[in-house]
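> Line by line, the protein sequences are chains F and C.
Position 360, counted from 1, in the first sequence is what the numbering used here calls 360; the numbers after and before it change by one each time, with no gaps.
Position 48, counted from 1, in the second sequence is what the numbering used here calls 48; the numbers after and before it change by one each time, with no gaps.
Please keep in mind that the hints were generated in silico from the structure rather than gathered at the bench.
Please note that the accuracy of each hint is not assured.
Chain F side only, calculated, beta carbon under 8 Å to chain C, not exhaustive [unchecked claim]:
| hint | residue |
| --- | --- |
| 1 | S121 |
| 2 | I243 |
| 3 | I251 |
| 4 | M255 |
| 5 | N368 |
So the derived label-pair ranges between C-beta atoms look like this [unchecked claim]:
| hint | chain 1 | residue 1 | chain 2 | residue 2 | range |
| --- | --- | --- | --- | --- | --- |
| 6 | C | S5 | F | Q87 | 45 to 51 Å |
| 7 | F | S415 | C | K27 | 37 to 43 Å |
| 8 | F | I56 | C | V6 | 21 to 27 Å |
| 9 | F | D189 | C | A62 | 39 to 45 Å |
| 10 | C | V6 | F | L161 | 41 to 47 Å |
| 11 | F | I181 | C | F19 | 28 to 34 Å |
| 12 | F | V175 | C | S5 | 40 to 46 Å |
| 13 | C | L16 | F | H430 | 50 to 56 Å |
| 14 | F | D246 | C | S26 | 25 to 31 Å |
| 15 | C | L7 | F | A12 | 20 to 26 Å |
| 16 | F | I56 | C | F19 | 23 to 29 Å |
Glycine residues also receive a C-beta, built at the ideal position from the N, C-alpha and C atoms.
One-letter residues, chain by chain:
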Amino acid sequence: MIHPVMGTFLQAQSFLDVLYIIAFGLFIQGLRGLSGPTGAVRGNRIAAVGMLIAIIATLLNVNEGNWGLIALGIALGAAVGIPAARQVKMTAMPQMVALFNGVGGGAVFLIAWAEFRRYGSTYNVAGVPTYVAVFSVFAAIVGSVSFWGSNIAFGKLQEILPGRPISLGSAQQVVNLVLLILALAAGVDLVSGAHSELLFIGMLVCAALLGNAVVLPIGGADMPVVISMLNAFTGLSAAATGIALDNTALIVAGMIVGASGSILTNLMAVAMNRSIPSIIAGGFGGGGAVEGASGAGEHAGTVRSTSAADAAIQLAYANLVVIVPGYGMAVAQAQHAVRELAKALEARGVEVNYAIHPVAGRMPGHMNVLLAEADVPYDQLKEMEDANQEFQRTDVSLVIGANDVTNPAAKNTPSSPIYGMPILEVNESHSVIVIKRSMNPGFAGIENELYYDPKTQMLFGDAKSAVTEITADLADV
Amino acid sequence: MILASVLTTNLAILVLAGFVGFIVISKVPNTLHTPLMSGTNAIHGIVLLGGLLVVGLSGNSAFNKVILVIAIAFGTINIVGGFLVTDRMLEMFKSKPKPKPTPAEGKDAAGKGEAGGDS
Chain F
1 MIHPVMGTFL QAQSFLDVLY IIAFGLFIQG LRGLSGPTGA VRGNRIAAVG MLIAIIATLL
61 NVNEGNWGLI ALGIALGAAV GIPAARQVKM TAMPQMVALF NGVGGGAVFL IAWAEFRRYG
121 STYNVAGVPT YVAVFSVFAA IVGSVSFWGS NIAFGKLQEI LPGRPISLGS AQQVVNLVLL
181 ILALAAGVDL VSGAHSELLF IGMLVCAALL GNAVVLPIGG ADMPVVISML NAFTGLSAAA
241 TGIALDNTAL IVAGMIVGAS GSILTNLMAV AMNRSIPSII AGGFGGGGAV EGASGAGEHA
301 GTVRSTSAAD AAIQLAYANL VVIVPGYGMA VAQAQHAVRE LAKALEARGV EVNYAIHPVA
361 GRMPGHMNVL LAEADVPYDQ LKEMEDANQE FQRTDVSLVI GANDVTNPAA KNTPSSPIYG
421 MPILEVNESH SVIVIKRSMN PGFAGIENEL YYDPKTQMLF GDAKSAVTEI TADLADV
Chain C
1 MILASVLTTN LAILVLAGFV GFIVISKVPN TLHTPLMSGT NAIHGIVLLG GLLVVGLSGN
61 SAFNKVILVI AIAFGTINIV GGFLVTDRML EMFKSKPKPK PTPAEGKDAA GKGEAGGDS
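With the rest of the complex left out, here is chain F:
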């Protein structure tokens, strides 16, 4: 065992604080590394070292034994977390992140519940100030919402649940509001000193139902917003736990995650030109489909389809080709095939870039991860603003499984439901080839005017086989 004097030193509050301060410093330094691809790996490892220091500092300060329970919990977590992180496919990353968000929220509400029980199923105990009760209740509600909401998001992304919106229609918002009020009312009652475990469980159940009710009506294309928001929720609930437990490491780390999630949520909402409340209220998928259906008949334009061989010829004689990937590329797992095509084009002296819309895919940055997995160089991945300056000098834009993010109606048709959404202006390029399974409108159910543009040719088929076919035909050009 540790020498008593040494033990006292290691457990001194100021020593713990010093270790925590070192830990935050490392978290922040680590996140700063994420500002570019070169420092990012190191940044992540620096943050991991910070976490290790925070854990060791806390373990030094844990008074009563219970080491067996701690070891059991950590062993269980490692046994699940390590293989999951090693084996998950890059295409499955959105559901992985959703699941990880969920377990974080789960840990938060379980800790709040255990604390409440330890006080004797009431916050009305000497030595427990009101603010501790307030922040514990906040953590319990938000953690529970995040846990259940994330699990539903996971279920949708993993296709255990249908990806289409499942909602109660117009009653949905009323139901959400009632659940929120019930959870808050239970929370207020608990903070004011109610002595009832049942009330606490009731509050958790209301929050759980709220988490389900909020995420179930949200369709697949809105997932980037939802995942970012749940990320923010888990962070904020961890910060609240930190205030309740007077633990600065939890406050700082939780708040940083809360800030990160909030920034991403806002960026995603801006990239879809929609307000966060309107996404949470749901209904876009349903409402948009009706408008889209009525608008569909108005299109008198014709659609030109092309063959892989023709596409190969056009691409082979281009100077600059811009590839625009969307969720269709992820579904077809076509990223490696796309990279092969790009390599074949580069071997012919064609410049190839990738234009990536912020909300392409199911989570922020989803397309970038897939393309990085296929070894696409980082500097060929262009963000929307940069890409839009390039389209005018682009010979061929190759749209692979992307739809709404290329729809010129967002710029030209004020009556369109997506009017005002920033898009990738592929219609500015000299010609456009769209690889798509069929003419079915995308998630939002909106006709894409791009497909009727005389410059556009459609190549119908699965993204992976179509791209592979073009690459094969390229050899014969």
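With chain F's structure known, arrange chain C on it following the hints.
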């Protein structure tokens, strides 16, 4: 009085951490947003500390111990899984060493022991 000052100190930390978070995260490019999310998943695994502290306090019933072990396991999944998966992703983003034009050049470099420079 003392309790109030603990709260105000912690709220000050909360607000400052929020500002630092906004500044640091704003500099992360769109391209790295997925690793940012999985990295922040790992960081909110810090709730593990809450589990460790509460399980170490007296007065936990058997049921409490069960839920705290689950909470500790959840926190560990976040930390271990989050950092590992982020590391895997970021490794893919790192610029790969340019393929050598000829195999002969590669051999020369290896012979001179310069190949140790890549990671």
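> Taking the hints in turn, state whether each one holds.
Going through the hints against the structure:
Checking S121(F) against chain C: minimum C-beta separation of about 11 Å lies over 8 Å; hint violated. Annotation: interface hint on I243(F) holds; nearest CB of chain C at approximately 5 Å, less than 8 Å. A cut of 8 Å between beta carbons decides the hint on I251(F): the least distance to chain C is about 5 Å, and the hint holds. The criterion of a C-beta within 8 Å of any C-beta in chain C is met by M255(F), whose closest approach is roughly 4 Å, and the hint holds.
Against a cut-off of 8 Å between C-beta atoms, the interface hint on N368(F) holds, since the closest Cβ of chain C lies about 4 Å away. Taking 45 to 51 Å as the suggested C-beta distance range, the pair S5(C) and Q87(F) conforms, at roughly 49 Å. Separated by about 38 Å at the C-beta atoms, S415(F) and K27(C) satisfy the suggested range of 37 to 43 Å. Hint check: I56(F) to V6(C), Cβ distance near 24 Å, so the stated range 21 to 27 Å holds.
Against the hinted window of 39 to 45 Å, the Cβ-Cβ separation of D189(F) and A62(C) comes to about 27 Å, which falls outside the hint. The hinted range of 41 to 47 Å is satisfied by V6(C) and L161(F), whose Cβ atoms lie roughly 44 Å apart. Between I181(F) and F19(C) the beta carbon distance is about 32 Å. The supplied range of 28 to 34 Å therefore holds. For V175(F) and S5(C), the hinted distance range of 40 to 46 Å is satisfied, since their beta carbons lie about 42 Å from each other.
Restraint check, L16(C) to H430(F): a C-beta distance of roughly 52 Å satisfies the suggested window 50 to 56 Å. Distance hint check for D246(F) and S26(C): the Cβ-Cβ separation is about 30 Å, which falls inside the suggested range of 25 to 31 Å. Separation of L7(C) from A12(F) is about 22 Å and conforms to the stated range, judged on CB atoms against 20 to 26 Å. Between I56(F) and F19(C), the C-beta spacing of about 28 Å keeps the proposed range 23 to 29 Å intact.
The earlier numbered hints that this structure contradicts are 1, 9.
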